[in-house]
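Visitor: Note that the protein sequences, when read in sequence, are chains A and B.
Once you know that position 430 of the first sequence is 430 in UniProt numbering, the rest is easy, because the numbers rise by one and skip nothing.
Once you know that position 171 of the second sequence is 171 in UniProt numbering, the rest is easy, because the numbers rise by one and skip nothing.
Keep in mind the hints are simulated off the structure, nothing from the lab.
This structure is a prediction, so every number in the text was calculated from the model and none was measured.
Each hint should be verified, as a subset may be incorrect.
For chains that are exact copies, the list does not tell them apart, and a pair is met inside one copy or across any two.
[Claimed, not checked] Below 25 Å or equal to it, Euclidean Cα-Cα: the simulated SDA-like pairs (lysine to any residue) are:
#1 293 with 390
#2 430 with 221
#3 293 with 333
#4 293 with 18
#5 430 with 387
#6 230 with 333
#7 293 with 331
#8 430 with 390
#9 293 with 16
#10 430 with 63
#11 230 with 91
#12 430 with 377
#13 230 with 93
#14 230 with 199
#15 430 with 161
#16 430 with 376
There are 2 protein chains.
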Amino acid sequence: MSRVLIRNVSVLVVPEQGECRVDEAQDIHVQDDRIVAITPTGGLAAPGAPGTREPLFEVIDGDGLLAVPGLVNSHTHSPMVMMRGAAEDLAIEDWFNRRIWPMEVNLTAERVRVGARLACAEMLLGGVTTFVDHYFHADQIAAAAIESGIRADLAPTFFSSAGQDAIDAAFEMTRDLSTRHPRITASLGPHATYTVTDEDLRRTADRADGRRIHLHAAETVDQTRASVEKHGVTPIQVLERTGVLEAGALIAHGCGIREEDLPILQRYADRTTVASCPKVYLKLAMGEVTPIKGLRSAGVDVGVGTDGAAVHNTLDVWEAIRMVALTQKQREHDAEWMTLSDTLRLATRGSAAAAGLTDQIGVLEPGRQADIALVDLSAPHNQPIHDPRAALVYSVRASDVVTVLVAGQVVVRDRQLTTMDLTEVLAEAKDLAHTLVDLSQGGAVQHYAP
Amino acid sequence: MSRVLIRNVSVLVVPEQGECRVDEAQDIHVQDDRIVAITPTGGLAAPGAPGTREPLFEVIDGDGLLAVPGLVNSHTHSPMVMMRGAAEDLAIEDWFNRRIWPMEVNLTAERVRVGARLACAEMLLGGVTTFVDHYFHADQIAAAAIESGIRADLAPTFFSSAGQDAIDAAFEMTRDLSTRHPRITASLGPHATYTVTDEDLRRTADRADGRRIHLHAAETVDQTRASVEKHGVTPIQVLERTGVLEAGALIAHGCGIREEDLPILQRYADRTTVASCPKVYLKLAMGEVTPIKGLRSAGVDVGVGTDGAAVHNTLDVWEAIRMVALTQKQREHDAEWMTLSDTLRLATRGSAAAAGLTDQIGVLEPGRQADIALVDLSAPHNQPIHDPRAALVYSVRASDVVTVLVAGQVVVRDRQLTTMDLTEVLAEAKDLAHTLVDLSQGGAVQHYAP
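Using the sequences and the accompanying hints, generate a full structural model.
Guide: This is the structure in structure tokens:
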């Protein structure tokens, strides 16, 4: 049995409704992979203390630190860190057709593994304890996640153009990954409503067997318009009639979700969620951001993500959280919407739901997984602190994260990874980076024409 | 005579037109306050080297670092760091009338000095070497700037409601600050077109005597509409007919600048600039951002700023630069506009112009002031690097800045301030923070009703 005590720490409390708050001077008691108690400092005898018989494995001094639920990156393509900065100043069509999909001809298992290791390092150092991934060679991503100590939900990506054998292989990998490690879950990963046929979506839903379907849909207003013009239905209607919503979906982006789609999504709100990655929508000049207000009114959980670093340039979930708050206020022309508490709830409970891990992660309370980030708010850019919630949403940097636990394991201690040799991870990525962005091969894994 | 040699560093080159680039393996030679040469590493004998007779004061190893022009915060109210996080989730009316202007009743010289010291610390540690300020007790801000080693242009703020003596005192302070220190320049600081009468704006322009007028104007579309309804003219037309544009202005925000204002601004483009702080426009749900494309087409220089931390929550100019790129692409529905090069040019040459320091700062070349930030891009969130310009705009963090020079003086070395005791600066700010946000006094320094 492993034990960790985080002593004398402030704790972010995120209730289901109402205001978030910070409780000061708390002890967080961790046993194996779970939080077993949170008590006022010194109120409960520490394991290993005189008079108790339990061995104490580690005490972390939380004095001056704020404990927050480990962040969740609710939609990403982690190995794409290898293409960071290689596809700039392009609209979505050119981004896909002139850069990303031609580059992805270069994917190999090794290159994906190297990229995933770098991604896990970046995320853990920034306080991200779970990521929800959608990419090729997902077994390599699983290996990197297991090695690094991070938690992941992995969806092996497929296009209909790849043929039935490739799709079957993706299904098989989802099944295989589901049983590999307690920190790994797996989802089905059709790429999008515009790259996977309705027939294949239907087959995916039929074979879901309790697993979620993670896919891109209604990414832009233009995609929705094209879908209506070509097929007479919105992408969300496609997801309903193919059974994807019935099976349970994580919809990436959804900026093109229409008012008329909301009642549909409401019917499946117990099993269907949306991930929002707004930095990307601005950078690609997509014209809209996710209609989070409407989705929340329909009872649909929304999480926060970065998307891949080939467009977001970082896997910094703090940045993504801030962008959600800012762009939602802008979208609704309402500075009193997406408050500090709304934003923190979305980033914690919402993202946990998007990861398919409601009740497991997302909140610091007894019984939940011990996925915890300790944040140091003492640097000048956060001081003085009139409201620590405002610091978390509007001034904190990923570099303010000092210690991170996932499933009770200390994976970052004093800003250093404990699980991987960062120098080696960076060197490998640097060595292989040029091979990923090489356009001399010709061809592309897909063509964007929604 | 003081000498610094930054050896074997990469250098960001920002031409007036066209693509920015990074030159690798350069030596930057600094003498006293200026850059005297930038040469391929080892190409020019270092001062102090055998065979030369000049004494060498300091060599900085630039290996693995990228030298960029010290950042410029082209519009801020630095002491408002003392109100960081104290006015959240409010629209602009309530932000002013329920929080900020009632809080500013509490301003004292000491509190402003303490806030300005903290602000200078935050900015220098993040690579900001110049800030353009607009606030009360500007002599205290000057003292903090001089002490910290940062460069500043300071505009003592005044409202017409404060009466003629207060306005005269503000004019007097501008004159006084102008001669205080080589790193300090001063501008005239009427608050805004809606808080200063046309008569007082005219008097300001008449007494400018070659100094610039830094003020808020056309901050929102609503302000412009109100101005047209009440007075029959846009705020920019007010600035023209009162002689402010003729004298030379730095216009903060300008989100409400109309198409018809552009030909007016074009006439004064040799002396009138605009500062854009887009995080604030989203956070306050102002509905628009600065029309930078139109302004640039009219030949008007635009700089990047944070505004005060009571709304921006940081004085992080990297964050402000990124928000400019993202929101401009969004505004123009054009992912190919505000490219990496456009953005970096705005943040360097544009901000230097906004600071009234064209030809002095903003570019790394011989003859310019030695205001230099050395950035370490080796951390996972920037790696691998396919394009260092993309790293600067979309992935770098202020915490990646390791060394900073202002006017040839090393003010940050290995992420530590050399000029101030940071512990003391933070402790003072913490001690006084509650006094700034106390609303029990009643009253307000002004009322927002544009």
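Visitor: Looking back at the hints listed earlier, which ones does the structure fail to meet?
Guide: 2, 15
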